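Engineer: Given next are the chains, with one letter for each unit.
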Amino acid sequence: MFDLVVLVILLPLLGVIVNAFFGRRLGERWVSYIGPGAVGLSFLVALILVLSLAGLPVDQRHHETILWTWIPIGNFQVDLGFLLDPLSAVMILIITGVGFLIHIYSVGYMHGDPRFARYFTYLNLFVASMLTLVLGNNFLVLFMGWELVGLCSYLLIGFWFERVSASDAAVKAFVVNRIGDFGFILGVMLIWTTFGTLHFTEVFEAAEKSLQSGAPVAIAITLLLLIGATGKSAQIPLYVWLPDAMAGPTPVSALIHAATMVTAGVYMMARSHVLFELAPFTGQVVAWIGAATALLAASIGVAQYDIKKVLAYSTVSQLGFMVAAAGMGAFGAAMFHLTTHAFFKGLLFLGAGSVIHGVHDEQDMRKMGGLRSSMPTTFWTFVVAALALAGIPPLSGFFSKDEILATASSQNIGIYLLLTIAAFLTAFYIGRQVLMVFFGQARSDVHAHESPRVMTIPLIVLAVFAAIAGFFNLPGVGSFSGWLGEQAGELNLAVAAISTLLALAGLGLAWLLYGRSPVQQDQRDPLAVRLGPVFTLLERKWYVDEIVDLTIARPFKALCSFLAGEMDLGIVDGFVNGVAWLVSLFSRWLRTIQTGFVRSYALAMLLGAVLLIVYVATR
Amino acid sequence: MAVSVTNYTVLSAMLFTIGIIGVLTRRNAIIVFMSIELMLNAGNLAFIAFSRAFGSVDGQIFVFFVLTVAAAEVAIGLALIVTIFRSKNTADIDDISTMRG
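So the protein sequences, as listed, match chains A and B.
The first sequence begins at 1 in our numbering and counts up by one.
The second sequence begins at 620 in our numbering and counts up by one.
Treat the hints loosely; a few may be bogus.
Unchecked claim - Computed far set for chain B versus chain A, every beta-carbon distance over 10 Å:
1) 627
2) 637
3) 643
4) 646
5) 661
6) 663
7) 683
8) 690
9) 692
10) 696
11) 702
12) 712
13) 716
Stated by the list, open to error - Dumping the calculated SDA-like pairs for lysine to any residue here, alpha-carbon to alpha-carbon at most 25 Å:
14) A:367 with A:594
15) B:707 with A:537
16) A:309 with A:211
17) B:707 with A:309
18) B:707 with A:594
19) B:707 with A:383
20) A:309 with A:537
21) B:707 with A:164
22) A:309 with A:383
23) B:707 with A:598
24) A:309 with A:367
None of these hints come from the bench; they were simulated from the model.
Note that the structure is predicted; figures quoted are calculated from it, not measured.
Just so it is clear, CB atoms sit at the ideal spot from N, CA and C, and this is done for glycine as well.
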């Protein structure tokens with residue numbers, strides 16, 4: 001029965017095939033049934049599977065489905081196999097569940113787009129790839145999914161490729177992810193050479209048996225895997241692609257760049273937690289990278305004007321929280337935050353998309369304002385998600401973030417401080433966003449309208465989950481950590497009180513600046529007035545893009561143009577052309593022998609024959 | 620007086636040389652052609668002579684082949700020369716040098 005897990009992947013794949021080959025002929029109406037329908041059915045199958053998995057005793061919740069041997073080369077055997085266990089169960093429910101809602105929403109959002117069918121082809125392909133990633137039972141299937149989601153991300157960021165910025169962003173995302181993937185595949189290779197297998201269970205058993213804690217090879221493997229995670233999950237130093245990825249359609253940002261794909265790095269670390277637990281040093285590195293990313297991205301989010309950029313940096317920041325948790329060994333907390341984040345950040349993005357839709361493709365928050373009355377459903381759901389993100393109890397974000405903060409407070413006070421400041425900034429920037437978008441007076445003369453029902457219903461469903469998901473892991477109500485086989489984090493009341501107060505303070509500060517006297521049209525941002533150059537620094541994202549451009553991109557381009565110009569055109573082509581020139585010179589001389597006079601040929605033959613005879617005779 | 624194989628060989632060599640000189644010095648295609656025939660038949664003569672001297676029929680077989688090839692060659696060669704003469708109005712092989720490199 002658990003072999004049905006194949007169906008979870010096949011259904012979206014079927015959607016891909018139908019939409020890709022018949023989508024244009026079927027028309028928007030049918031595509032909008034097939035695209036979301038495939039994912040919806042997949043969600044149903046996943047739900048049934050997970051429920052029956054939950055019905056099993058704890059030690060039997062591990063089912064592998066092996067389809068065939070994928071790569072048999074000597075003793076290098078890799079199966080195409082799927083693993084259904086509590087961890088992948090959580091992921092497939094998020095992917096198909098949230099994915100289904102976002103597919104429905106997309107039907108409204110992408111209405112009238114000339115490439116409607118192509119959009120759903122890509123989106124279905126993404127869901128299938130992401131499911132392959134989380135269901136793979138070995139590192140290579142995981143890697144295949146990892147690359148496939150990267151491809152889908154590229155295709156969807158550059159979906160409106162007529163815009164140069166969109167296709168640039170797509171290329172940027174692809175290239176930056178390649179760097180991470182390079183580290184990841186090196187890590188996988190090292191796993192192979194160390195353990196002789198890529199199969200998850202075998203690797204982890206072998207690692208536990210043969211490696212000491214802190215073994216150099218464990219550190220090397222985990223550091224390489226970490227590079228992969230920093231690429232996919234947008235951590236320092238490879239986070240730069242994610243904010244630019246907002247050039248894609250907004251539902252794509254919600255699905256790929258908030259709820260699912262970017263959490264692949266966290267999932268991968270949770271999956272290989274046995275290895276990470278053997279390498280405490282890597283754990284430290286991971287935790288610090290996560291915390292630093294959380295703070296850096298939150299600080300940038302404070303000073304952005306683009307409604308999606310704020311959310312993009314917020315996503316980077318929240319991913320930092322998850323990575324920090326994973327680094328501290330709190331994989332249950334990381335996965336819990338991943339889950340709640342999928343709800344509330346997916347909802348925030350969909351809300352932002354609804355706003356953008358309502359104000360006719362305007363993304364600048366300075367030109368919004370006062371949308372509360374014209375877009376009530378969007379407003380209320382957005383507020384729920386915003387409060388969840390800010391960490392106001394009893395919404396979901398409070399519980400999951402607090403578990404991470406509680407772990408940090410007991411393990412590493414430095415990381416705790418970074419994360420707490422980041423949490424404060426989070427509350428501030430999301431408060432600023434809500435106030436700038438929905439409160440005050442309209443700062444431009446577009447007539448906003450509420451989005452159609454097909455878009456608002458997914459918002460409402462997600463809002464419900466964003467509100468209540470926190471109880472999944474509340475002692476006495478749900479045991480999310482226990483489901484994953486992790487210890488439930490204890491509720492640290494002091495930490496909870498501090499973070500709640502800080503969240504309220506952040507929201508209050510946002511209200512003081514943006515709510516008490518709403519920003520008027522053409523008025524400077526109140527925070528910019530107070531912070532001055534610091535605000536500019538934050539608005540320009542700490543000049544990271546400029547620094548990267550100056551230190552990496554430009555020298556690299558110069559090197560490339562040297563290699564393409566001087567090296568390739570000059571030396572390589574010069575050598576080839578020189579050989580050709582020599583040959584043609586020689587043949588030009590050789591050609592003169594062919595005079596066209598038959599008698600000279602005959603003479604040459606005679607002389608040749610004489611020479612031969614003389615040679616044979618005198619030998 | 621019995622004619623020895625040497626006499627035949629000398630005659631063959633003389634005929635062959637006359638043929639070569641004809642090919643190298645004459646410009647009329649027909650004459651060149653005839654000279655080539657002379658060279659072939661010089662070869663035939665040598666074959667026959669050695670064949671009889673060694674009591675083997677191999678040489679005679681060769682001669683049959685040479686004669687056959689020569690007949691075919693004459694047919695094609697003369698046809699070519701006639702065609703060339705018709706189009707170029709000359710049979711001078713030095714005038715037909717369009718194949719130079």
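Engineer: Each hint needs a verdict: does it hold in this structure or not?
Structural biologist: Status of each hint after checking the structure:
For residue 627 of chain B, the condition that its CB be more than 10 Å from all CB atoms of chain A holds, with the nearest at approximately 19 Å. Annotated as non-interface, residue 637 of chain B keeps its C-beta farther than 10 Å from every C-beta of chain A; the closest such distance is 13 Å. The non-interface label for residue 643 of chain B is inconsistent with chain A: the shortest C-beta to C-beta separation is roughly 6 Å, within 10 Å. Some Cβ of chain A comes within 10 Å of the Cβ of residue 646 of chain B; the nearest lies about 8 Å off, and the non-interface call is violated.
Distance check for residue 661 of chain B against chain A: the nearest CB is about 14 Å away, which clears 10 Å, and the non-interface claim stands. Every CB of chain A is more than 10 Å from the CB of residue 663 of chain B (nearest about 18 Å), matching its label as outside the interface. For residue 683 of chain B, the non-interface assignment is confirmed: its Cβ lies about 24 Å from the closest Cβ of chain A, beyond the 10 Å cut-off. Separation of residue 690 of chain B from chain A is adequate, the least Cβ-Cβ distance of about 22 Å exceeding the 10 Å criterion.
Distance check for residue 692 of chain B against chain A: the nearest CB is about 15 Å away, which clears 10 Å, and the non-interface claim stands. For residue 696 of chain B, the shortest C-beta to C-beta distance to chain A comes to about 12 Å, beyond the 10 Å cut-off, and the non-interface label holds. Every CB of chain A is more than 10 Å from the CB of residue 702 of chain B (nearest about 16 Å), matching its label as outside the interface. Non-interface status of residue 712 of chain B relative to chain A is broken: a Cβ of that chain comes within 10 Å, the nearest being about 5 Å off.
Residue 716 of chain B, annotated as away from the interface, has a beta carbon of chain A within 10 Å; the closest lies near 3 Å. Proximity of residue 367 of chain A to residue 594 of chain A is assessed by CA-CA distance (about 82 Å); at most 25 Å being required, the pair is judged violated. Distance check on the hinted pair: residue 707 of chain B and residue 537 of chain A sit about 89 Å apart at the alpha-carbon level, beyond 25 Å; violated. At roughly 44 Å between alpha-carbon atoms, residue 309 of chain A and residue 211 of chain A are farther apart than 25 Å, so this suggested pair is violated.
Proximity of residue 707 of chain B to residue 309 of chain A is assessed by CA-CA distance (about 84 Å); at most 25 Å being required, the pair is judged violated. The straight-line distance between the Cα atoms of residue 707 of chain B and residue 594 of chain A is roughly 21 Å, inside the 25 Å bound, and the hint therefore holds. For the hint pairing residue 707 of chain B with residue 383 of chain A, the CA-to-CA distance comes to about 99 Å; that exceeds 25 Å, so the pair is violated. Pair hint residue 309 of chain A plus residue 537 of chain A holds up; C-alpha atoms about 16 Å apart against a cutoff of 25 Å.
The suggested pairing of residue 707 of chain B with residue 164 of chain A is violated, with an alpha-carbon distance near 67 Å, which exceeds 25 Å. The hinted pair formed by residue 309 of chain A and residue 383 of chain A meets the criterion: a straight-line CA distance of about 18 Å does not exceed 25 Å. For the hint linking residue 707 of chain B to residue 598 of chain A, the alpha-carbon distance of about 16 Å falls within 25 Å, and the restraint holds. With a C-alpha separation of about 15 Å, the suggested pair residue 309 of chain A and residue 367 of chain A falls inside the 25 Å cut-off, and the hint holds.
Consistency note: the structure conflicts with the earlier hints numbered 3, 4, 12, 13, 14, 15, 16, 17, 19 and 21.
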